[in-house]
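Produce the complete structure using the sequences and hints provided.
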Amino acid sequence: MDIKAYIVLSLTLFTIGIIGVLVRRNAIVIFMCVELMLNAVNLLLVAFSKMHAISNTAKLSPTFASDAQIFVFFIMVVAAAEVSVGLAIIVMMYRNVHTVDVNFLNRLKN
Amino acid sequence: MNITTLVFILLSVMAVGSAAMMIASKSPVHSVLWLIVVFFAISGHYILLNAQFLAIVNIIVYAGAIMVLFLFVVMLMNLNAETEPIKNYRLQLIGIISGGTLLLIILSAIMKIDVEQLVEMKTGNEGLIKSLGLNLFKNYVLPFEISSVLFLSAMIGAVVIGKKDEAVENKK
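Here the protein sequences line up with chains V and X, keeping their order. Quick note on numbering: the working numbering labels position 19 of the first sequence as 19, and the sequence is numbered without any gaps. Quick note on numbering: the working numbering labels position 166 of the second sequence as 166, and the sequence is numbered without any gaps.
Heads up, some of the hints might be wrong.
Unchecked claim - A few chain V residues facing chain X, derived, Cβ under 7 Å: (1) 9; (2) 20; (3) 28; (4) 54; (5) 81; (6) 87; (7) 88; (8) 89.
None of these hints come from the bench; they were simulated from the model. Glycine residues also receive a C-beta, built at the ideal position from the N, C-alpha and C atoms.
And the structure:
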């Protein structure tokens with residue numbers, strides 16, 4: 001499989017995430033679109049890792065290809081921590097304002 | 001067309017279609033369920049690339065833990081009705097146009113590259129648990145341990161933020 005196929009797929013998923021962030025106004029759905037963008041980047045990193053596994057650069061270092069997959073692992077770690085804090089913030093905003101519509105959440109005070 | 005290409009196209013259509021359904025569906029619960037379908041499709045891609053550890057972790061962490069957390073929050077807020085009245089079609093159109101423009105620009109830049117660079121499918125032991133674990137605990141021990149501090153701070157932060165503020169409650 002050509003690497004371009006994976007680039008196009010990840011780019012499409014990433015763009016759908018961007019469109020979701022721009023179009024939707026529910027804060028939870030916006031947050032889910034951010035997760036989708038993170039996953040698109042993860043997929044591209046794994047594809048590049050497997051691309052380097054059969055290219056000439058794999059001879060430079062024995063752990064060249066699995067480094068990228070460890071980066072993906074750390075991205076997942078950070079995403080899990082980010083989701084817990086972000087959802088706590090959304091729950092707190094809902095408790096104060098009684099809405100998750102970002103059009104009503106445009107002020108930092110009150 | 002061999003079976004690998006067929007599976008790739010099937011999983012790609014599944015991922016992109018479910019992602020489109022995610023941002024198109026009105027109910028947030030349906031959005032969460034469609035996003036779980038996207039994560040399963042991406043896990044299928046990982047298996048196709050022989051990144052078995054990441055496929056399992058993707059299912060357990062994303063589809064299992066994170067999306068259940070989202071589902072809990074959505075149900076906690078009782079958002080299952082159509083809580084998002086569509087008012088501004090113009091802003092939606094602008095969002096779709098700007099996103100599509102980004103897609104077209106990067107796509108046209110990528111299509112100009114005529115270097116054939118292949119991806120290793122279904123073989124290779126880079127994504128297996130043995131090589132990943134050896135690399136993680138030999139070269140990346142420090143980031144691995146620091147991530148535990150990150151989790152601890154995220155846990156404390158979530159509890160502190162989610163706690164009811166008693167000073168504000170008393171003032172009311």
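Margin query: Flag every earlier hint the structure violates by its number, smallest first.
Written below: none
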